[in-house]
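Read top to bottom, the protein sequences are chains A and B.
This note's numbering puts the first residue of the first sequence at 4, with every later residue one more than the last.
This note's numbering puts the first residue of the second sequence at 162, with every later residue one more than the last.
Don't read these hints as lab results, they were simulated from the structure.
Keep in mind that the hints are not guaranteed to be accurate.
Okay, the calculated beta carbon distance ranges per label pair [to be verified]:
| no. | chain 1 | residue 1 | chain 2 | residue 2 | range |
| --- | --- | --- | --- | --- | --- |
| 1 | A | 42 | B | 238 | 27 to 37 Å |
| 2 | A | 21 | B | 221 | 38 to 48 Å |
| 3 | B | 175 | A | 63 | 39 to 49 Å |
| 4 | B | 221 | A | 17 | 38 to 48 Å |
| 5 | A | 17 | B | 216 | 45 to 55 Å |
| 6 | B | 166 | A | 105 | 21 to 31 Å |
The beta carbon of each residue, even a glycine, is placed where N, CA and C say it ideally should be.
Chain by chain, the residues run as shown.
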Amino acid sequence: KAGVTQTPRYLIKTRGQQVTLSCSPISGHRSVSWYQQTPGQGLQFLFEYFSETQRNKGNFPGRFSGRQFSNSRSEMNVSTLELGDSALYLCASSLEPGPGEKLFFGSGTQLSVL
Amino acid sequence: TQLLEQSPQFLSIQEGENLTVYCNSSSVFSSLQWYRQEPGEGPVLLVTVVTGGEVKKLKRLTFQFGDARKDSSLHITAAQPGDTGLYLCAGDSSSGDKLTFGTGTRLAVRP
Chain A
4 KAGVTQTPRY LIKTRGQQVT LSCSPISGHR SVSWYQQTPG QGLQFLFEYF SETQRNKGNF
64 PGRFSGRQFS NSRSEMNVST LELGDSALYL CASSLEPGPG EKLFFGSGTQ LSVL
Chain B
162 TQLLEQSPQF LSIQEGENLT VYCNSSSVFS SLQWYRQEPG EGPVLLVTVV TGGEVKKLKR
222 LTFQFGDARK DSSLHITAAQ PGDTGLYLCA GDSSSGDKLT FGTGTRLAVR P
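Chain A on its own, in the form it takes in the complex (with noise of 0.2 Å):
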């Protein structure tokens, strides 16, 4: 059973661009959740999807948004890219949402903003 797909893995962009980071979850998952993680903050939430929608928002501003598709893919836009935005960004799925689920991560994509 193939796991959680992230791609790309590695990113390079400059201050004001956008970027659009992908997460296939394992098959059958039908949750996904995103989660940015920096050295000083850790792991902090970003937004949980569920069959198609939005179930969850972290706290961050609104230039980040999110999308899941009827296969259960889903995506993560940042908009107008600042320094701060360098981070790992990690997706995670499970079967279905709640209360002690288990969450299988994707290895990340790796965000420079220069």
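Based on these hints, arrange chain B on the given structure of chain A.
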């Protein structure tokens, strides 16, 4: 906002030593998970504890959930270089709206 503080932040030990990592919060969690993350990879779930006072063992790793479900600990016996990594605790709120991750403990085990 639910916060999970982990201690210590960094730990460097010799192979064969024992260690304990702590995860503390002022909030009650319905369940708590422990993950290990290696460089260049995403976190991998080690265990989920649900009941206050629960103790789970995974080979040389022992996990405990506090009686009040506000804190947890991870004890590693006879650490090995393969245990090196970032250890993260993560708590589920009773509403289940999101998983809150701890600040992390970076462990290095020297051969």
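Structure-based check of each hint:
1. 42(A) to 238(B): 27 to 37 Å: holds, 29 Å
2. 21(A) to 221(B): 38 to 48 Å: holds, 46 Å
3. 175(B) to 63(A): 39 to 49 Å: holds, 41 Å
4. 221(B) to 17(A): 38 to 48 Å: Holds: the Cβ-Cβ distance is about 46 Å, inside 38 to 48 Å.
5. 17(A) to 216(B): 45 to 55 Å: holds, 51 Å
6. 166(B) to 105(A): 21 to 31 Å: holds, 24 Å
Hint violations for this structure: none, all hints satisfied.
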